[in-house]
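Asks: Listed here are the chains, written in short residue letters.
Number of protein chains: 2
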Amino acid sequence: MTAMNTEQLSVDTIKALSMDAIERSNSGHPGAPMGMADIAVVLWTRYLRVDPADAVWPNRDRFVLSNGHASMLLYSLLHLSGFGVTLDDIKAFRRLGSPTPGHPEREPHLGIETTTGPLGQGFGTAIGMAMAERHLNAVFGDDLVDHRTFAFVSDGDLMEGIASEAASLAGHLGLGKAIFFFDDNGISLDGPTDWIFTEDVAKRFDAYGWHSVSVDGHDRGAIAEATDAALAVGDQPSLLLCRTHIGHGAPTKQDTSKAHGSPLGTEEVAAAKEAMGWPVDESFLVPAEVSEFFASAMQENAAARRAWEASRDSVFAGSPEVEDLWGRYHSAPTAGLDVPFSVGESIATRAASGKALNTLAVTAPGLIGGSADLSGSTNTNIDGSDHFGKETPAGRNIYFGVREHGMGAIVNGITVHGGLRGYGGTFLVFSDYMRGAVRVGALMGAPSIWVFTHDSVFLGEDGPTHQPVEHLAALRSIPNLWVIRPGDATETVEAWEMAYNRTEGPSALVLTRQGLPVLDRSAGGVQRGGYVLADGSDVTIIATGSEVWVALEAADILAANDISARVVSMPCVEAFDLQDEEYRTEVLGTTAPRVSIEAGVTDGWHRIVGDGGLSIGIDRFGLSAPWKDIATELGFTSQGVAERVMAWLGA
Amino acid sequence: MTAMNTEQLSVDTIKALSMDAIERSNSGHPGAPMGMADIAVVLWTRYLRVDPADAVWPNRDRFVLSNGHASMLLYSLLHLSGFGVTLDDIKAFRRLGSPTPGHPEREPHLGIETTTGPLGQGFGTAIGMAMAERHLNAVFGDDLVDHRTFAFVSDGDLMEGIASEAASLAGHLGLGKAIFFFDDNGISLDGPTDWIFTEDVAKRFDAYGWHSVSVDGHDRGAIAEATDAALAVGDQPSLLLCRTHIGHGAPTKQDTSKAHGSPLGTEEVAAAKEAMGWPVDESFLVPAEVSEFFASAMQENAAARRAWEASRDSVFAGSPEVEDLWGRYHSAPTAGLDVPFSVGESIATRAASGKALNTLAVTAPGLIGGSADLSGSTNTNIDGSDHFGKETPAGRNIYFGVREHGMGAIVNGITVHGGLRGYGGTFLVFSDYMRGAVRVGALMGAPSIWVFTHDSVFLGEDGPTHQPVEHLAALRSIPNLWVIRPGDATETVEAWEMAYNRTEGPSALVLTRQGLPVLDRSAGGVQRGGYVLADGSDVTIIATGSEVWVALEAADILAANDISARVVSMPCVEAFDLQDEEYRTEVLGTTAPRVSIEAGVTDGWHRIVGDGGLSIGIDRFGLSAPWKDIATELGFTSQGVAERVMAWLGA
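Protein chains in written order, with this note's numbering: chain G, 1 to 651; chain C, 652 to 1302.
Simulated from the structure, these hints should not be mistaken for lab results. Ideal Cβ positions, reconstructed from N, Cα and C, are used throughout, including at glycine. Among the hints, a few may not be true.
[What the hints assert, rightly or not] Simulated pairs of lysine-lysine, BS3-like, Cα-Cα distance not exceeding 25 Å: (1) Lys1006/C / Lys258/G; (2) Lys390/G / Lys854/C; (3) Lys909/C / Lys742/C; (4) Lys1041/C / Lys91/G; (5) Lys355/G / Lys909/C.
[Unchecked claim] Just some of the chain C residues that point at chain G, by a computed CB distance under 10 Å: (6) Gly807; (7) Thr844; (8) Ser942; (9) Thr1241; (10) Ser1266.
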């Protein structure tokens, strides 16, 4: 069989596998795998440098399927390429416990680089990967880091604001090694895209500074030419607008929204197979020449991988410093942070965070990030480092612009790329804007670090539009995200240490705008989530963040009224919940009634204070005023808290 | 003084007022008010048809300050125009209790159409207003509805994805009466915008289908010419890219980020005043001729308003049907919904929601909305109505495209426009994508209705990327948002009734993908948030949504084991909390231990079940599998629940 015929056979194999798996599970999206099969075969057999023998080889090309509903396309490609996705796994598509869920879930050892499905996330994450490559390339040079990032994207991805944000930044940065293939099939779930999406996509991406070109998405020669041209453009990301037919090859459903999100049905599948000369009665058929064709491509990739390893070894042999540096970028985090503060001095935890970040940045060279146009306010700059720009890719300060959601996905992409650790900052209230990315990061276990400052109504005059009240509760509700709200500068340092050393998921540092006194406390405690800061027997006051010193002062007032108050600082509820019961009971006590204080909604605190307890919080939106006026108005002064506790105790 | 001089004097007055207020409060953003003062004076005195004598006149032009940090610009304009913002209010800028908070908060009677500040929200909300106008114009004709929507937007707005989404849709719809002024000052908080924002904005908006033109933002003649030209373009929204100087007139801080977000300082203010020939020692000065100049413009507007009233009266006199219809669009909601279902039939609450919506839509002609490319899945189409399109603006089915955040702001804009009631639908998991808009809607008390379907892991095969677990808790944490998760079709009808009749804030309907049995229950109960569905004395099981029938079946199993279980349906925790204590105690009981069941994180349920209670939930991400397999795996079958309860009771 000629190469051209084998290529066609490969396309047909992917279509048949996708149809078969979706029929078998009676659930899935056949349209995109069939429509993009031609593009996929060209990319995976002629360009994409990945190697199933070492799926996580650092210099591999990255592939992101942003239109994650086309998961059967990816699973088919992984299977044909010899990654650990078996035919049985494909037969168990969308079944309990299979590695082939409805949307791809990050599993680098299987060749699944990132979790996708929520539209636009993959687009932004792929941009983050390309930024990671650009930075590491600047640090280590072409011999060690020089790969491309390829992504498949749909009209849905391009409609999402997160993709607009990431695209604008990518164009600004001139990320020449990012090559995106747009499945321009003219069909969305609701019907033809001309009902909703008539913008000139090429022109829009031109405006962002991308190289864009239209191509017939079923003409494999043309796809290869366009890919070659895109690869030749060094200083612009590329968008290949591939005109495709959704459900390509389905006799009656091609080019209709019926091919999008439902199985084609046995009749249509049979007719599609017949039309492409496929044995109608065979399911999950992989012709030997297709396996050989892919194996041959992967052998070339393995050679490329070995060549890279040789090149790396030679660099390392010539320069132990580079080897050492590479090791520091690629080793597990083990930060031990020491940043001195004087007890009693007033310092905002955002400022303490800036100091902690800068201390950490010295020993953790792979730490890279920035903020969504709030670098000064969020204290997220690394001193002495450049900004990460087109001409200054070695800079570690990323200016994301006012693009929170894009930042979220990009930071996830930087983090899951490997070699780097991404962080991103904005005001806590705007965590809402990036929640989609925070969630996907938590789901895929990406240890991104979020720096959320201006963490309560006490940001003051900017008023309720900018004052978070529900955000602590809302973030705590996300599984696998640790929310850490330190009570002073020293807790902030421990919080950074904890977030940085965490590898199984993201952490959100929640920090004040206003100054807080540095507390007289022993080191440690934050890691356990909650600990006793001052002992007492009549009442236990549990506080977080800016309410910790208020609780301590309130305890003094209570003491003057013959009430002995224990004060517990609880910077991380998630970590506290993981402690053994003995410790938790020891901290919270068993006899004294409990009070929680937190400048936010009281949701979640009842569980800690119990039925007899009191939760002091802010179950309403905030107000615009100087922060001390707000504290008085809402009863969050030491005196106000002490009085409230005394009244409640009946004292 | 000549008109031209008075115009300049007006510009200077706005600059001086803004500087003075920000100095006095020692907080605020002087740069944008100073940079946009020329544009503002042109727009407000030559074009904008608003009337302080009747601030909520239905056919007024709408003005949205999307860059809400420029609030002093709006407050200055409102004061000069004779709206109820006094000089004392301006002196109390950003102080407790003033109507002049840091960012504008919706107060239509003062001329503040919508709450802005979180960037991009105003952009999308203004597009929603323009869509509302377009629709009402199609329904009622030019004599009754014919106004423009003007918005001021910043580079930050344009970087936000939400604005990209709204802009793409607006271009698609050809909203000719939307005229947006971009404050193109080249400066953001982090520094010059060319650090982060080098896209070709005009080209990008051309790609969306907008009319765009660049103009010197300090050349008032040129601004007027460009505005005239924009108004002449009937079938495209317009973006006027106004090249401005941030902090225009501040001798040393103009054109720097120092003018952006901090007071200029007394010296700089004095120097700025001196440079523009302003009495340096005067604060909060409003020259009489400026007051007269604005008064004269407003007199013309009052005449326009009276002319509209006359025209309306004449239309009504000629057609009582139109008057009646107008009344139905503009009256307070008083839905009483009756949709029949047969006990025991299986129907997804999303499907019941579609029926309720369609029943309501008959008597509520102002109900208009749609979904983010999931109309079929969310059952949000109004049968028999067209889709809202450029050529079919009378259609009530809006196809938002895959643009959740844009949809959120647009629906808010439709709702706060008046005359219409907006709704928007997507999968519950994607409420994350639009949370910024949901929050602003709750903050400003816009009674938008959100239709969130596919509300749990039981959506099945699409897997954890699409399965909400934390979203109920996260939405409940937002103040003034009612989260309603009905337990069957009949509760769903009541939920729609409740959401529609609510005027003080938004409601989120949380609905299943999978079929649920129609329960044998009496009408009522949902309005009270929670009620007893089946009585019992040994244990009280509290359930929401798809867990209600599971609880009822589990109660049957418990009964067979001599355990008498009460089942409480609690579709709306917020409404339940508003009931008096007697009712709440009656429903929850005082003696039997309590169990909650909800297919989501258990956050928040401890407060209901108490210290001795049991919360059955899903404190983890979901999994990809058929929904019944998931139910078995996670213990959410009737049998699983009954066994868990028995084990817990020690029975």
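Asks: Under the constraints set out in the numbered hints, which ones does this structure not fulfil?
Replies: 4, 8 and 9
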